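Colleague: Below are the chains, spelled out letter by letter.
There are 2 protein chains.
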Amino acid sequence: MSIENNKAIHLRQRPEGIPSEEHFELVRTPLAKIKKGEVLVKNLWMSVDPYMRGRMTEQKSYVEPFAVGEVLDGGAIGEVIESDNPAFAVGSKVAHMNGWREYFVSNGSDLQPLPDMGVPVQAFLGVLGMPGMTAYTGLLNIGELKEDDHVFVSAASGAVGSIVCQIAKLKGCRVVGSVGSDAKAHYLMSELGVDAVVNYKTTDNLRSDIIKHCPNGIDVYFENVGGEHFEALLDVMNDHGRIALCGMIDQYNATAPAPGPANLAQILVKRLKVQGFIVTDHWDSYPAFVQEMAQWIQAEQVSWKETVYQGIEEAPEAFIGLFSGKNTGKMLVKLT
Amino acid sequence: MSIENNKAIHLRQRPEGIPSEEHFELVRTPLAKIKKGEVLVKNLWMSVDPYMRGRMTEQKSYVEPFAVGEVLDGGAIGEVIESDNPAFAVGSKVAHMNGWREYFVSNGSDLQPLPDMGVPVQAFLGVLGMPGMTAYTGLLNIGELKEDDHVFVSAASGAVGSIVCQIAKLKGCRVVGSVGSDAKAHYLMSELGVDAVVNYKTTDNLRSDIIKHCPNGIDVYFENVGGEHFEALLDVMNDHGRIALCGMIDQYNATAPAPGPANLAQILVKRLKVQGFIVTDHWDSYPAFVQEMAQWIQAEQVSWKETVYQGIEEAPEAFIGLFSGKNTGKMLVKLT
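One line per chain: the protein sequences are A and B, in this order.
Counting with our numbering, you get residues 2 to 337 for the letters of the first sequence.
Counting with our numbering, you get residues 2 to 337 for the letters of the second sequence.
By construction, these hints were calculated from the structure, which means they are not laboratory data.
Every value quoted in this text rests on a predicted model; they were computed, and no experiment measured them.
A few of these clues could be false.
The list cannot tell twin chains apart, which means a pair is met if one copy fits it or any two copies do.
[Stated by the list, open to error] Cut-off 20 Å, straight-line C-alpha distance, at most; resulting in silico cross-link-like pairs (SDA-like, lysine to any residue): (1) 274 with 284; (2) 61 with 286; (3) 94 with 116; (4) 202 with 39.
Next up, chain A with everything else stripped away, as it sits in the complex:
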């Protein structure tokens, strides 16, 4: 099979501040035919995630920066449509990191076959993929969650946050979240069983509002946001509390470093543990996670939402939308 016009999104230039369409470029190139041992994969779904913003800067972080003028990459789900590799039959579905393009050729070494778990394949980009695993390991391993803990989750309606809320409820905790709209607040309260929600966009005083909704303080803070949230929570944390630092989306688009919180001494006074983590460091626990999460899904104890953009042309818009809260649950791009 010949693919004459394989559409892919390249990084045209490195953004400063909030990314916009001009930082991306849709490029069409022909794709070479598969050789012996190779497969041709057609992407069905691709993921856009906040961490990708970090890779758009020049600075080396925990993953290599994207290269200007080259195709972006990231988590995606594809279907094998041509195969000269016995390990991958035509029609099989695979998870991989070759997102931001419609087709690609692989020798199979970078492809993970998807188990049949009776869920839509794109769930492996969300609740059963990196965001779900991030929620699980951050809450249980880094946050050392215990029954009856009081838990706070920032960006609580996002792909990670919404799973954190549900796992914490399943583990017998009281859960308070922060979100950026009343619709998201309603979703958390009515569908996920969250105990209280703070709307950080409409509140006059984030810190007071959080204190009001957390009368017994917080034992585990699952942090996706940073900035004002982090400072407020330092004041709200209970002694021996744990802060699982998963993201600081408030700062990903900052053009100059913003001063940190003035109350870091709370870490000492309250004997807090503040720990950053990256899900890829914990991938050994993925099988344990999938087993427990699959049970929850089958028992309908965990649910999820998706915000879906259509076609690779919309991938930049989907990505940009992450930073203005356009998504509830997992932000996805459907490629077919």
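Model the placement of chain B on the given structure of chain A, informed by the hints.
Modeller: Chain B alone, transformed into the frame defined by chain A:
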């Protein structure tokens, strides 16, 4: 025995900023005679420690604030000079928290008999007491020290820091410290075997100087200072590094909150663990600590220095001196 003029130091008023003599008051009062089951203790040595500054403010911290107009308290070593309690013979030495006074009466419940370990009794206020135990638990339990780790210690010539340096060397680590004078730097290098020292008072650029002396980064940071040190070390830490937050002496006398570091995202990017701790939470490990430390002392593998003020009248000056680095090693007041 009648004590007609028991001298004690009271908190006259709460300091704002650096404390001075006017915040303290020497008070003489007669002491009641002992009753059945009681002992009369004459204090030999008392400790002054940076954490006491926190107790001079009104704000509740991990220990209750000192009361204005009342005697201060803190770690001290005394001798039983009169006893109606069979558990405490006259002449026995005891550790306790009734410092800042010359004599006191006790029923024995707040007294710890000192084991005979062939060390001067005041060592139980330093290397074998709270500061030594703080160094030990902070480095090993909170810092999760491993052989070959690269270790940085701020306030490295102090009562805690100087023990941290030596334990880390004994555990096979490379150790870099920061101090506030060339004499202290010389002490660390020539007597404690520290690998490199930064003088934070004379450096033009603390961060560059630390980077220069830590070419392979830092795995464990034992933090006593906060502020500029904390910000610099966030940049210097290696992936998966641990910061044991023991003190933030830079901020104890602040009259207004200072903004925190702008580079907190390093905690996430490098997957750092930043953990505050208070030694009293870890007192269960005291026997294990004493056993190991006693072996090191007997083998002359751990040494210590004392800075000694004479007489209870000098206790405020000794305490105030902590904040301008007047001490090398343990700051003590000798009461006889």
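Colleague: When Cα atoms must be at most 20 Å apart, do residue 94 and residue 116 count as within-copy, between-copy, both, or neither?
Modeller: within (9 Å within a copy, 70 Å between copies)
Colleague: If the cut is 20 Å between Cα atoms, do residue 202 and residue 39 qualify within a copy, between copies, both or neither?
Modeller: neither (50 Å within a copy, 63 Å between copies)
Colleague: Should residue 61 paired with residue 286 be assigned to within, between, both, or neither, using CA atoms and 20 Å as the limit?
Modeller: Neither way: residue 61 and residue 286 sit 26 Å apart in one copy and 41 Å across, limit 20 Å.
Colleague: Up to 20 Å between alpha-carbons, please classify residue 274 paired with residue 284: within, between, both or neither.
Modeller: Classified as between: cross-chain Cα gap 19 Å, same-chain 22 Å, threshold 20 Å.
Going down the numbered hints, you'll see the structure goes against 2 and 4, while the others check out.
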